[in-house]
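Peer 1: What follows is the residue order along each chain.
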Amino acid sequence: METGVDTDIAFSQINTDNSVIEVRNLYKNFGGNKVLNGFELTLYEGETLVVVGKSGAGKTVMIKCLVGLMAGDSGSVKVFGKEIQSLEQDDLDELRTDIGFLFQGSALYDSMTVRENLEFPMRRHFKKLGNDYNPNERVLEALESVGLVHAVDLMPSELSGGMKRRIALARTLMLKPKIILYDEPTSGLDPITAKEIILLMMNIQKKYNTSSLVITHDMDCARAISNRVIILIDGINYAEGTYKELSQSKDPKLQAFFKK
Amino acid sequence: MKDMFKSFSFGIRLKKFLTNTGDVALFAGRFFNEAFKPPFEFNELIKQSYLIGYKSLPLVGITGFIMGLVFTLQSRPTLVEFGAESWMPSMVGISIVREIGPVITALICAGKIGSGIGAELGSMRVTEQIDAMEVSGTNPFKFLVVTRIIATTLTLPVLVILGDAIGLYGSYLVENIKGSVSFRLYFNVMFESLNYSDLMPATIKSFFFGFAIGLVGCYKGYYSGTGTVGVGQASNSAVVVTSMLLFFIDFIAVLVADIFYDL
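Note that the protein sequences, when read in sequence, are chains A and B.
For what it's worth, this note's numbering labels the leading residue of the first sequence as 894, then goes sequentially.
For what it's worth, this note's numbering labels the leading residue of the second sequence as 2, then goes sequentially.
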């Protein structure tokens, strides 16, 4: 995909001393269905890590375990060194202010305007925002980052799929998170809008200096934004490396992802 | 073999019923735990009270009015036949205030409010809006559930009183058209036959009706199944379960009120 932005940031440039997310031996079953079977992951500061897997491979389950929306059956999930499952609710809420989460279906609040959607994350986190923050300025700044200032007073029902995804992205920026988790950011979008979203993700990464974890089955997206790729098969990280390394592999299971 | 299958099926159903009942009780317990702990969502509570209470007024009003009209139209000929026409205000007043008003209003609200809450929270669950709330560090239970249950609990008694008043006025209109009784005489006779012991139990049970409507609607929506089918089921079962629960609460309320009458 030609995005027009310099995406060739080698993984070797990433500082691997500072990890922001560490997942070790994560298991998750639903009934008899083993979804995660000892999955492991490390996200480094400033890195964009893409987890690729087929539909139903457990990508969404894994990413939800990272923010405490789901609990693994066993294993360890550490974010900024804190074990997610052992945190008290208040501490977990505070930690979540450092994590932005872009949902697959955007998950905008239907009953609220765009402005109210963006203001929502700020309502309980005055400590992080400080006393001198201006909600209106923050909303407009976030909307400017995604190029949708004019949509500030619209309802989600008045927005197109691509606009919804952008507003959802703006909402994740409201608390200036250090990590952004993207759950299938380009799914359900036409190629042009998908390209715009990818560009936005890259711009946001640069502007806000975030670490990003992207789960997707869109290989164009993976190629454009990844510093490193993990292939999730049968609940484990089957293969790990840069996009280029993995795309040159002879393993038929990996080739299935990369061949067009 | 057939009997065994039947008892097995009954056993499973009983287990499911008891499990659901336990889950609703835990949900109610969580409500009481969260409702009195800060931070409080006052703005959302006011918004929900407006949406649940004020927006239900037209339906409750029309239902109450027709209830009063029909009740009087149907019972009047019998009373006239026995020469007991003068009992009409007392009979209508006691029936509507004690029983028909609260139950009919609650059933109407179970249909309108309970299904609305079930569908709204169900679709929020399906579209990950509840997850989004949680990830943003806001307690979705407090924001969505606590506010709605308090709103239904507080607004239903008001709706019942308004529904009763409009129903009684409807009854007066029939009596005025068919006979020649004045507004003042009709309501004087009615209020003379009504006591606080008629009004208080009805008002108290209305709080419980409101609580049941909010609790079941929120429970069904908050834990709705996936997809549009899940949302539909959440909405549907919110109405069915609430309606049955309302009759059960009414039965208990009548028994308790009876004990107090006997004292």
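Simulated from the structure, these hints should not be mistaken for laboratory data.
The reader is advised that the hints may include incorrect statements.
The following label-pair restraints were derived from C-beta to C-beta distances [what the hints assert, rightly or not]: (1) B:Asp24 to A:Gly1040: 22 to 32 Å; (2) A:Asp1127 to B:Val241: 53 to 63 Å; (3) B:Leu27 to A:Glu1009: 23 to 33 Å; (4) B:Asn44 to A:Gly1040: 46 to 56 Å; (5) B:Gly30 to A:Met963: 18 to 28 Å; (6) A:Val1042 to B:Gln234: 53 to 63 Å; (7) B:Val241 to A:Phe1151: 22 to 32 Å; (8) A:Ser1053 to B:Ala36: 37 to 47 Å; (9) A:Glu1037 to B:Thr227: 29 to 39 Å.
All C-beta atoms in this analysis are idealised placements derived from N, C-alpha and C, irrespective of residue type, glycine included.
Peer 1: Note whether the CB distance of Val241 of chain B and Phe1151 of chain A lies within 22 to 32 Å or breaks it.
Peer 2: violated, 52 Å
Peer 1: Within 37 to 47 Å: is that where the Cβ-Cβ distance between Ser1053 of chain A and Ala36 of chain B falls?
Peer 2: holds, 39 Å
Peer 1: Is the distance from the Cβ of Val1042 of chain A to the Cβ of Gln234 of chain B consistent with 53 to 63 Å?
Peer 2: violated, 41 Å
Peer 1: Between the beta carbons of Asp1127 of chain A and Val241 of chain B, is the distance compatible with 53 to 63 Å?
Peer 2: violated, 42 Å
Peer 1: Do the Cβ positions of Glu1037 of chain A and Thr227 of chain B conform to the proposed distance bound of 29 to 39 Å?
Peer 2: holds, 36 Å
Peer 1: Measuring from beta carbon to beta carbon, are Asn44 of chain B and Gly1040 of chain A in 46 to 56 Å?
Peer 2: violated, 30 Å
Peer 1: Do Leu27 of chain B and Glu1009 of chain A keep their Cβ atoms within the hinted range of 23 to 33 Å?
Peer 2: Between Leu27 of chain B and Glu1009 of chain A, where Cβ atoms are some 31 Å apart, the hint holds.
Peer 1: Please test the hint of 22 to 32 Å on the beta carbon pair from Asp24 of chain B and Gly1040 of chain A.
Peer 2: violated, 45 Å
Peer 1: Do the Cβ positions of Gly30 of chain B and Met963 of chain A conform to the proposed distance bound of 18 to 28 Å?
Peer 2: holds, 23 Å
Hint compliance for this structure: hints 1, 2, 4, 6 and 7 are not met, and every other hint is.
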